[in-house]
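**Q** Single-letter residue listing:
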Amino acid sequence: MTNSFADYAKAKMIILVGTNITEAHPVASTFVKDAALAGARLIVIDPRRTDMVDFAEMHVPLKVGSDVALINGVMNVLIEENLYDKKYVDSCTEGFEDLKKKVMEYPPERAAEISGIPADAIRELARKMASVKPAMLMYTLGITEHICGVNNVMSCANLQMLLGNVGVECGGVNPQRGQNNVQGACDMGALPNVFPGYQPVANADARAKFAKAWNVKSLPDKPGMMMPTMMKNLTTGKVKGFYVFGENLANTEPDIKHVEHELQSAEFLVCQDIFPTETTRFAHVILPAAAWSENDGTFASSERRVNRVRTASVPPGDAKPNWWIFKELAKRFGHEWASASAQEIWDNEVSVLAPSMAGIKYARLENDGLQWPCPGAEHPGTPTLHKGGKFTRGLGMLKAIDYIPPAEVPDPEYPFVLSTGRRLYHYHTRTQTGRSAGINDLLGEETADISAADAQAKGISDGEKISVKSRRGEVVVKARVTKEIPPGLVWMAFHFREACANWLTNPVYDPVTQTAEYKACAVRIDKLR
Amino acid sequence: MDKKITVTIDGQEVSADPGQTILEAARNQGIYIPTLCHYSRTTNVGACRVCVVEVENARSYVASCCAPITPGMVIRTNTPAIRAAQRMIVELMWSSGDHNCLTCEQNGACELQDLVYRLQIDKPRFPIEHPAYGPDSTNTMITRDLNKCILCGRCVRACNEIQVNEVLDFANRGSYAKVGPAFDADYIDSACVFCGECAQVCPTGAITFKQAKFAGRPWELAKTRTTCAYCGVGCQIDLYTKDNKIVKVMGNREYGQPNEGSLCVKGRFGMDFISHPDRLTKPLIRRRKGEDFQEAAWDEAYAFIAERLAAVKKEYGPDSIAGLSSARCTNEENYLFQKFLRGAIGTNNVDHCARL
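Protein chains in written order, with my numbering: chain A, 498 to 1026; chain B, 356 to 711.
These aren't lab readings, by the way, just hints derived from the structure by calculation. Any given hint might turn out to be false.
To be clear about the criterion: a stretch of chain A counts as covered by chain B if any three or more of its residues have a C-beta under 8 Å from a C-beta of chain B, and this derived list gives those stretches [stated by the list, open to error]:
hint : region
1    : 566-576
2    : 721-731
3    : 1001-1015
Glycine is no exception: its CB is placed at the ideal position from the N, C-alpha and C atoms.
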């Protein structure tokens, strides 16, 4: 996030795009609701009528995957009607002429045709957005889980820069992270192209610095494989040894049948986890790890805040903290790592090697944590990035972006769009929430959420088991008939092994980030015979 | 900033900000005024009246949580008359409920009990007549015993103003008044999303956490501040543990960003997994495909992994090894995992599940 959760309740206008915040980030949603009750204006852009629409002045139920077209249409109006922040665009950004040329190809009428939002509503949306300053934009996976995920993100950034909303409190572009430490895993260099603190592996100075700190002769300079490529290469034989640390790929990745074939193909698979999972079935070694409350450390939240995690209980049996396991394993490869606690790892290695975290030390994290960049011992941390419209790269880059449809669109054989995500009561593949008694009472099985119109047309009643089928697989699942869903859409989650959406989803990826298109594939629904 | 206002509280001259209540001005000076219905981040309603004070020239006692200070105000918080009024209020609450501390989960953490003690009340001068409501314990998470409810309305305001779930409200009038979801439903049959905020803010034992019952007295529990293990908001939470088991999870209004003491259903009720019998407790090895897993010692597991990965690396090069890190685990562990792959194996094939 460019901004902070503290901004939410104070915001004057909030634009939610592709985020069902009340279910995926419930506590953050309370602050959005607080803002709305205090008079903030709220716009919800989402194919589904999510709970937050009750608090909104405008719901924009665009067609799944049409975000770029809609936002281009909005920007067309902002430029045509001279509603954009000309001063900000002139002094803080570059690329405006290219952007303008591109969005001129998207008059509201064309955007309407693609997005299903009437041209006048697009004009109204643009005028509303331009009427309040600053406005805060939040998005989640509705933006990223498309083959055009990067384009969607850049469109959000284009819009907010055009409106002059980046670099101010209660503004910005704010992706809310779905997992406790996705931000931190990225920050720590659990990515194929960067060391901790986003220092590129291709940079010789960075390599030299880390090689010296880690006491190795050299480090590899070629960026590694992203996860989908790793998985694919389990079947080609390019990847022989695969180490899966705390993930349940057999349920989380699109097209489960194929994913399981890939895992089955691994010549040597190590899984390190707290529970047996669908993925550990394929392992050669399973290492029992200490869980979250059995270990010290830190998480970095969506707002780049590094918070302490503290030990409250001891691990069962022989389970060991993950850091201990890695340190012992490194020893078997001839590497003696000095750091012998989470604090030593952070204070003596991470914060020394990552300049953006140089000022973050455990001693400063006792209370409410610190938000990076925090380059020095006296630095208070950074609640708002790009302050005053001064971007990390200098000028903010406006990018001309074209709409592309999802890889698989409905056809006569598979006439519905399936979109997927999370529900309030469960988390990922239920390895944790599935073992919490009360939570299972609240939601004990998956449903296929469909519109009343489609249910009626198919003669399906609420709670009836139906078949949902894609080109990858078929599940039998309870129908949930709800006004949240527009006709033509089916919505499911990936929490339950039985009827997991990923038996159906399409393994196609954004070319840059290799994020899968979980949000759009074609399915058919049928009454069981 | 507006100019400060000077008032006199218990004979002390106090300088306070315009708009502050008498309660806020007094607390800033370290002057104690009891409260029950008052709760941060919610509207001051003056429902319970235990915060009454004397204000010179006022017609009657004033609820200090609701009354803003005015210049020159002269306030007395601890006169015999005020203490008598507070005792009367507390005795009325006591006598209208089933406040039997012997079986109450809140014993030792009850604000009504604390107040009875502080105001030195032996027993109420009125007969105890409670409404004899049946308990709501149809769900596995929250128990309600409205016979212990003092109608302070904290739960109603927390539900409507803090969480904005708009599930709880008052129903009925006078001595029939009660709090709850629409149509007097049990929580599990209502629109409740089980954030547990109502139980967290309840000053008595009227709304409690079911799984915490008989799991430890308040003074037996260890409290540990940590960061929630679920979504990416990073809520600060307190784990209450006893005998290596998480008994309950609470928010804490003393903590600031990002959640200011609020939690959601997963953070509140999603922590049983830690002590679940399915936990992996021993390294497991299978030397050939199709074999069953065998329990192994750590040294054996390390040696097996090192031998197999070293063999792969030797024959096919370091880039034939890949590792997937965990966005569920700490920064330090993610750091070491990539250090292991880059430094010890020699590959940049490291990634994690940022994409979902």
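**Q** Does each hint fit the structure? Answer for all of them.
**A** Quick rundown of the hints versus the structure:
Evaluation of the coverage hint for the region 566-576 of chain A: breached, as 0 residues show C-beta separations to chain B shorter than 8 Å, against a requirement of three. Only residues whose C-beta sits within less than 8 Å of a C-beta in chain B count toward coverage, and the region 721-731 of chain A has 6 of them, enough to reach three; the restraint holds. Here's how the region 1001-1015 of chain A fares: 5 of its residues keep a CB closer than 8 Å to some CB of chain B, so the rule of at least three is met and the hint holds.
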